[in-house]
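Going down the list, the protein sequences come from chains A and B.
Take the position in the first sequence, starting the count at 1, then add 76; the result is the number in my numbering.
Take the position in the second sequence, starting the count at 1, then add 1; the result is the number in my numbering.
It should be emphasised that the hints constitute simulated quantities derived from the structure, not laboratory data.
As the structure is a computational prediction, the values presented were derived from the model and not from experiment.
Note that beta-carbon positions come from the ideal geometry of N, C-alpha and C, so glycine has one too.
Some hints here could point you the wrong way.
Unchecked claim - Ranges of calculated distance between the beta carbons of each label pair, as one might list FRET restraints:
(1) Arg119(A) to Glu43(B): 31 to 41 Å
(2) Ser277(A) to Tyr227(B): 32 to 42 Å
(3) Arg119(A) to Ser215(B): 43 to 53 Å
(4) Arg373(A) to Tyr227(B): 53 to 63 Å
(5) Ala261(B) to Gly118(A): 36 to 46 Å
As the list claims (entries may be wrong) - Examples of chain B residues lying across from chain A (beta carbon under 8 Å, computed):
(6) Gly65
(7) Ala70
(8) Gln92
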Amino acid sequence: MNIAAKTNVLNLSEEEFVYPGNRACSGCGLSILYRIGLKALGRDCIFVVPPSCLTVMQGLYPIAASQMPILNGTFASTAAIATGVRAAMKRLGKKTQVVAWAGDGGTADIGIQALSGALERNEDIIYICYDNEAYMNTGVQRSGTTPQGGLTTTTPYTGKKEQGKNMPDIVAAHNPAYIATCSASYPLDFHDKLIKAKEISGLKYIHIQTPCPPGWGCEEQMTVKIGKAAIDCGLFDLFEIENGKKQLSEPSKKLLKKEKLDSVRHYLSMQTRFKALSEEQIVVMQERIDKKWDGYRQEFGAG
Amino acid sequence: MSEKLIDSGNNAAAMAVQLAAAEVIAAYPITPQTPLTEKLSELIAAGEMDAEYVAVESEHSALGVCIGAASAGVRAFTATSSNGLLYMSEQLHWAAGARLPMVMCVVNRGIGAPWSVWNDHQDAMSQRDAGWIQLFAKDHQEIVDITLKAFRLAELVHIPVMVNYDGYYLSHTYMPFELPDAAAVKEFLPAYEYAHALDPQKPESLNTVTLPDSRNDTNGVKQPGYMDIRHNLHQEMRLAMDVLEEIDADYQQRFGRGGAPILDPYCCEDAEYIVVAMGTIANQFRDVVDRLRQEDGLKVGVLALQVYRPFPTAKIAETLQSAKGVMVYEKGLSYGNQGALYADLKSALYPYPARPQLHNFIVGLGGRDIRTEDLCQTLKTACQQDDLSAPEQTDAPQWIGLQL
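Given these sequences and hints, build the entire structure.
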């Protein structure tokens, strides 16, 4: 397995692909990802975007916040439209990278059929899911990836009863060329995984945990801290799966060396969306994390 | 060289799409469309057609792939029937709103529930307000000719075109037809160009959120709001009728067939009573017209409507205004009201003071046999029914061949 190139703030490209000023909320995790991600993808790209915060962030007609060619499409068909753009590029003899960029609802719920189809056909596209764990663009309704216990406007008072879908696992069952998880708190990790994905043919799926201050219930300046806390407590893991082989990325890999992970309680306490969680639910959540990491230690050793 | 063949309607459509050099084809199987896309995949796999065939997981995705390909500057084609068309519905509106030139064959079939695989027009009728141009073919030759003209029309007016033909009556029957010469088609149908094709060299953001009001761009130039964009689609769709006539004239000059791209009349010159219908039933009525003229001395004719959207309001009203009676026979309806075609026709004739008496017949839903004898009888009765009954009675659709 190739180790992704290491980009740091000193050697990160200074070229900007977004204009100053956009319609994202302050503290938006997506806007960090978008700005840095585009630096990795470069100019020779076409984006396919379903209804999402990204639609709004990219600008309202006739003013755009992005310098890239963007095709806005219907909610359920991101991966299908990207397939069509890719087929057209093939006909035109262009290597232009086609990037589908959707939210968790557009990926794990309404868009899952088209994505599954594109995965099965192994379309040569990069599919990015920025997962803010609810329908944020419509005002915080529960989605398939909303975690258990999470308060949303459609899971009020007691929080969501069911566990969230594990989208990377669902994608992995299709055995695509490349899967990576990322976090808005580690944009350079995302950057380097995109650089790597560009070199791989077939479908590349990147799933990004993306803190959302208004949706998660936190101050705007907490976005990066919360994303890091999710990783430090072992709840959300950064990894890559290449040719079926899984490997933890550095921010998660280093946890293998720790005797004991940070308590999930700290991560949960940083956001109001988890305030309805009972003590028992927190204990169960912690047990699940511990069990997952016991497995990781067996699988990967002590790092 | 042009080629004379005897083959199925679905294969005729496939060969027309091959001649039109569609480059991206995405489709999902549904009866009775399936053999059309099977034929296309076979032509591509055999190296007889140079195109990408994308076997998608749904009709929604089929049109999604075409939307992506057409937006990126490549000629795209799909085909479907019945519930498949309905599953695409959102994408139909999207393709039209995005002004994407593409062509889709709809092999008309009844809609479930309950399931029916047999022919009627409810699928196409249900999508009449999606912003697509809707053309109807009556035989295999028309499937070929209309499909080729459809590509040029779509690309000239930037509006997607739906080519409708009757499931089984045309899709699965064999008829002789002529396939035009490939080089001549290439001259008739220039290479696909899309002014706003996705291109990193000149990036554009397509189909972005558009506000109710017009708004200046960063150069201070006023750009349309949502309502203005919609108005333009409507206006340009109305003008598409003239464009189709020009295309047809050119086609006729090159290939020797054409002359009736919008309305195809049969024995209408002196007709006192005119039948209006779409698709194969209009051809069936030619026999009926011959019989009633010969046996009963009735001056009847049949007018085949080849273009349902845009509705040829003025043309059809001018053709029909001096008739004594007009009988609309159709294979679909707007439930709780009347036949959709009948209601459109009535509205087209309303401004003309000498408008004829109108009759609406619903026929052949879900493949119910359309007996020529029934058509003769109902038409004859309608012609002789000059005394006006209560308006609400004459205006109500009459169902032919019910087995209640």
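Comparing the hints with the structure gives:
{"no.": "1", "hint": "Arg119(A) to Glu43(B): 31 to 41 Å", "in the structure": "holds (39 Å)"}
{"no.": "2", "hint": "Ser277(A) to Tyr227(B): 32 to 42 Å", "in the structure": "holds (40 Å)"}
{"no.": "3", "hint": "Arg119(A) to Ser215(B): 43 to 53 Å", "in the structure": "violated (31 Å)"}
{"no.": "4", "hint": "Arg373(A) to Tyr227(B): 53 to 63 Å", "in the structure": "holds (56 Å)"}
{"no.": "5", "hint": "Ala261(B) to Gly118(A): 36 to 46 Å", "in the structure": "violated (54 Å)"}
{"no.": "6", "hint": "Gly65", "in the structure": "holds (3 Å)"}
{"no.": "7", "hint": "Ala70", "in the structure": "holds (4 Å)"}
{"no.": "8", "hint": "Gln92", "in the structure": "holds (6 Å)"}
Consistency with the previously given hints fails for numbers 3, 5, ordered from lowest to highest.
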